[in-house]
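Full structure from sequences and hints, please.
Read top to bottom, the protein sequences are chains Z and V. If you're matching positions, the first sequence starts at 1102 in the working numbering and goes up one per residue. If you're matching positions, the second sequence starts at 3 in the working numbering and goes up one per residue.
Calculated from the structure, these hints are not laboratory results. Heads up, some of the hints might be wrong.
[Stated by the list, open to error] Capping the alpha-carbon separation at 30 Å, the derived lysine-lysine pairs in DSS-like fashion look like this:
| id | chain 1 | residue 1 | chain 2 | residue 2 |
| --- | --- | --- | --- | --- |
| 1 | V | LYS46 | V | LYS16 |
| 2 | Z | LYS1157 | Z | LYS1138 |
| 3 | V | LYS46 | Z | LYS1172 |
| 4 | V | LYS59 | V | LYS16 |
| 5 | V | LYS11 | Z | LYS1155 |
| 6 | Z | LYS1155 | V | LYS16 |
| 7 | V | LYS16 | Z | LYS1106 |
[As the list claims (entries may be wrong)] Examples of chain V residues toward chain Z, derived with CB under 7 Å:
| id | residue |
| --- | --- |
| 8 | MET29 |
| 9 | LEU47 |
| 10 | GLY100 |
Glycine is no exception: its CB is placed at the ideal position from the N, C-alpha and C atoms.
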Amino acid sequence: DQQVKQNSPSLSVQEGRISILNCDYTNSMFDYFLWYKKYPAEGPTFLISISSIKDKNEDGRFTVFLNKSAKHLSLHIVPSQPGDSAVYFCAASASSGSARQLTFGSGTQLTVLP
Amino acid sequence: NAGVTQTPKFRILKIGQSMTLQCTQDMNHNYMYWYRQDPGMGLKLIYYSVGAGITDKGEVPNGYNVSRSTTEDFPLRLELAAPSQTSVYFCASSSVAGHEQYFGPGTRLTVT
Chain Z
1102 DQQVKQNSPS LSVQEGRISI LNCDYTNSMF DYFLWYKKYP AEGPTFLISI
1152 SSIKDKNEDG RFTVFLNKSA KHLSLHIVPS QPGDSAVYFC AASASSGSAR
1202 QLTFGSGTQL TVLP
Chain V
3 NAGVTQTPKF RILKIGQSMT LQCTQDMNHN YMYWYRQDPG MGLKLIYYSV
53 GAGITDKGEV PNGYNVSRST TEDFPLRLEL AAPSQTSVYF CASSSVAGHE
103 QYFGPGTRLT VT
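As structure tokens, this is what we get:
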């Protein structure tokens, strides 16, 4: 059973427009959420995170929104740039357990068209 | 600052062979992790470690072993390679459990 789901395998957006990537989760114990970006033949790199005590976190062009009642988070990229083309993974962790393991979604391939 | 390094980058194994994937981090992180990523899938946790001498199983540990004798190194051992272990393997480390993890570049393993 996938606890973190990214239902859109791919997304294409025009350069300069907004990219919105979505993620749903089922485990109500998750209290910390992260977005990672991955280029081909490289490891994932951390992008932005949000704690469950907040509903929004912003870092430059990247904003993450968390809707706890809907168990939904989204990543907004404004304005989108061709260099943003990559696979984006959302991940979640729960405060229980010694290592607070991350559970990853299956990823969304974002393509920003020039 | 090298971060997390992994060797080798690529490897082809025959069924039944064994190998060790190396992982080293220079950030003095206590937490280290091994993931595998299959095509079109997210990352699945194989094993993790909360400090030198302490390891535990993740979601998909069968067919793998790990050790953590130092803070820096966290090797992953495949004893009897099977085609189902064909995947890309990522090592990661973090200073805080469950928060930002730093990933290595990955090892692409093919078992034929």
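Exercise. Looking back at the hints listed earlier, which ones does the structure fail to meet?
Worked result: 5, 6, 7 and 8
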